[in-house]
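Per this note's numbering, the sequence shown starts with residue 1, numbered consecutively.
Simulated from the structure, these hints should not be mistaken for laboratory data. Watch out, some of these pointers could steer you wrong.
Unchecked claim - What follows is a set of in silico ranges between Cβ atoms, one per label pair, in the way DEER data are often shown:
(1) N23 with W87: 34 to 40 angstroms
(2) L76 with F155: 21 to 27 angstroms
(3) P122 with G98: 24 to 30 angstroms
(4) I32 with Y75: 19 to 25 angstroms
(5) S141 with I24: 29 to 35 angstroms
(6) Y148 with L33: 51 to 57 angstroms
We put the CB at the ideal spot given by N, CA and C, even for glycine.
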Amino acid sequence: MDYEWTLPYGLNKFHTLLLPLYNILISFPGLILIFIVISHYLPQRGGFVATCYLAISTMDAVMVIGSLVSYLMFYLWYTGSVEVLSWEPMVICMIVTGIALRISVFENVVLAVSRTIKIVQPFTVLKKGYAVGASIVYAASWVGIGSYDAYCYAFPRTLR
Numbered sequence: 001m002d003y004e005w006t007l008p009y010g011l012n013k014f015h016t017l018l019l020p021l022y023n024i025l026i027s028f029p030g031l032i033l034i035f036i037v038i039s040h041y042l043p044q045r046g047g048f049v050a051t052c053y054l055a056i057s058t059m060d061a062v063m064v065i066g067s068l069v070s071y072l073m074f075y076l077w078y079t080g081s082v083e084v085l086s087w088e089p090m091v092i093c094m095i096v097t098g099i100a101l102r103i104s105v106f107e108n109v110v111l112a113v114s115r116t117i118k119i120v121q122p123f124t125v126l127k128k129g130y131a132v133g134a135s136i137v138y139a140a141s142w143v144g145i146g147s148y149d150a151y152c153y154a155f156p157r158t159l160r
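Using the sequences and the hints, build the whole thing.
Spelled out as C-alpha cells, the structure:
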C-alpha cells in the first residue's frame, strides 16, 4: 500500500518551501542567545550557578541543533530532494534531542531548588559536588535508555 503524505491545515507545496525558513528564523537567533549566555558564564564556570547555567545552555544548544538537523533531513526526504535517505540519522537526532531536553529540564530543577535553598537559608553554602553527581547519574541513565532505544530501532528482530 502506497501512503500519500498530506500537509495539515490545507497547506500546499508552496508552503513546504517556507517551512525550513521558519525553523531557521527561529533557530539561529536562539542559538545566538544561547552562545551569549555561554560566553557570559564560561569565565565563572567554577561557581555553582554558572555551572548550572552552562549545563542548561549547552543542552539547549544541542536541542536546537538536533531539532534543526532532524527537521532538515525530514524536509529533504519529504520534498524528494534526496532519493535515498536513511531514517537512522534522523532517529539518532531525535533521541539526542530528547535526552538534551530531559537533562535541560533536570538542570533547571536543580537550579530552582538551589535558589530556593538560598532564599530560605541565605548563608548556606551549597556543595557543587552533590548537584554534579546527581546530574551525571541522571544524564547517564537517559543516555543508557537512549542507547537502548537506538539499539531496538537498529535491531528490531533480535528482541522478539
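What are the numbers of the hints that this structure violates, sorted from low to high? Structure breaks hints 1, 3 and 6.
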